[in-house]
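Trainee: Spelled out from the first residue to the last, the chains are:
2 protein chains.
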Amino acid sequence: MAKRSTTRRTGIADVAKHAGVSHATVSRVMNGNFTVDPVIAQRVRESAAELKYYPNSVGRSLALGKTDTIGVVVPDLGNPTFQAMLRGVSRAAAKDGYRVLIADSSEVLSEEAILAAEARRRCDGVVLCAPRMSDAELQDLASALHPLVLINRTVPIENTPSLSANYGQGIQELATYLVGLGHKRLAFLSGPPQSASNRLRVDGLAQFVAEHPDVELQTLSGGVSFAEGHESVERILASGATAVLAFNDLVAMGLLSGLHERGVDVPGEISVTGFDDIPFARYTTPPLTTAAVPITELGEAAWERMKAVLQEDEAVALATTFSPRVVARGSTGPVPLG
Amino acid sequence: MAKRSTTRRTGIADVAKHAGVSHATVSRVMNGNFTVDPVIAQRVRESAAELKYYPNSVGRSLALGKTDTIGVVVPDLGNPTFQAMLRGVSRAAAKDGYRVLIADSSEVLSEEAILAAEARRRCDGVVLCAPRMSDAELQDLASALHPLVLINRTVPIENTPSLSANYGQGIQELATYLVGLGHKRLAFLSGPPQSASNRLRVDGLAQFVAEHPDVELQTLSGGVSFAEGHESVERILASGATAVLAFNDLVAMGLLSGLHERGVDVPGEISVTGFDDIPFARYTTPPLTTAAVPITELGEAAWERMKAVLQEDEAVALATTFSPRVVARGSTGPVPLG
DNA sequence: TTGAAAGCGCTAACAC
DNA sequence: GTGTTAGCGCTTTCAA
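In the order they appear, the protein sequences are chains A and C.
Under the UniProt record's numbering, the very last position in the first sequence is 338; numbers go up by exactly one each time.
Under the UniProt record's numbering, the very last position in the second sequence is 338; numbers go up by exactly one each time.
Relax, there's no trap hidden among the hints.
Since the list gives no way to pick out one identical chain from another, each pair is judged satisfied if it fits inside one copy or across any two copies.
Okay, derived cross-link-like pairs now, DSS-like style, lysine-lysine, Cα gap no bigger than 30 Å in a straight line:
1) 52 <-> 95
2) 307 <-> 66
3) 17 <-> 52
4) 66 <-> 95
Please keep in mind that the hints were generated in silico from the structure rather than gathered at the bench.
Produce the entire structure from the sequences given, and follow the hints as far as they go.
Mentor: Structure (structure tokens):
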């Protein structure tokens, strides 16, 4: 038996009694079923309005077998990239009457699978943003999570669409751009080793170096945050590189800030690139050259795929890749002389 | 009758049958009720594991009359301030086993009340972040929304706690700081007229000016975004002010960027302050002087109040105010000579 | 066109 | 300690 709160909300039964009809009829009216006599329908609507009746969505969900809600699991709600994804998913889903339940794993790997499973239990499907778990674990979980959509993680799983940015291509284009400016000594400030998108960058750069034997590339362990970029200034300067590819814009901005404090001229003495093109990138000093990842669109596309899976659409695109676009701004320039 | 999908998930009845007990016993075991014989409990757990059974949370919610979910309504998911609030609420709620459903009104005023009401129908309570609706509308809605917690909006409503930053005090402290540096001609780049937090700043500045007759203050209509800050450069320069109080950090950063492009030295020729202390504020060039609003803590506190209301705690603090703290950085300096 | 009744999956009071 | 049963609030089939 249900615990009833002190002041019960008005239910379908109250409206039925007030309008002098059965609750089935009220249900029909509330759902716009036109088989109801217009006069009665009107009376029901008036009763509903008078009693301030709104259908209880839990009861509705139970009867309908759907919640009109999807779960979105993100590694860190404080990260602008995931915020933008979330916003894309949320706004797109809202247009179709769906809501988003958020699950923030706070970068705790062991929480991720649990959160995802829990989200799935409450929702009609789940979107996993850049999941940190292993391929094997993801494969295992997939069937329990279905409908499942992956963002920035491509794993071939049946019925599981994925949307991702082509980080490998993006970083290659940035490198190409730098080399075009005359740079031969590059440094890559890498992200977390377990990050799939970091691996894509590493692989992309490896390919780039293979194709450009005259270019020297050093990889320095970096991180994902301002602070980590800021802290790597000394190591970057010691590396002798004339251009730095930072893992992302945050790291690049931290680096820019650190270089500025040390009195190093950017791009006069060293060029810096970011990755993502977060909103702030254009407002750094100098403005940051970066690879723009259409991250909000990725989120929107994730919802479109989810919708298709929910509608059991047979023709769901499986893996979709978005190409980053180099945005040349002031933080990069010709290689310094001498 | 419920629409059943092609592959039904395993329900409590399946486990009951498999373990040879009643579904009530399964329920007891799943809820850690210790009145069950340990041997039987173990058998049930094994059956549940084997069948990969997880309780359906919609059924659970209906029976228990609660969803363990709260709704958070924000005016704009793209705004760092609301992102930080959301993160605070979400993480704090998660620690107590609650999840957050997001509702982004995209600054569309007419959507706000609808979204809030809809969120309330699906959740155990709602948190309204900086609601744009009128006091009257908010009053009307409050009882339907209860349990309700307000962030950055103080309206005396029974049972409705509110958490807010003291924007009036914060802007006065910034003004005091600037005047301490010798500035006498200030400009305020204001936010949206309908924003409650803007009004608090305006009122705070009015009081400040009243107490400092030697200080001249001009108010220029600004906005909330980078772009709007960037666009106001000319008007700021034309105003003749030696120090600018921007509505928030975003506007200040846009302004900083515009001034830099125009070759105006900050703080040599003009001082600029922001408001909020968003994560990027310390990384601008020069680093931004601002009033730090403990926004994530506001979100966390909002959850604590919500929890108290949900537990029908009699002693819920009603209006809690957080004081911003001036963070002096490089974007402000002594008034220029001559 | 409408109402009675079953059922969605679960919890909890009650009886044994 | 365990099963039976009655709901939680809604949708939908079926019969009238």
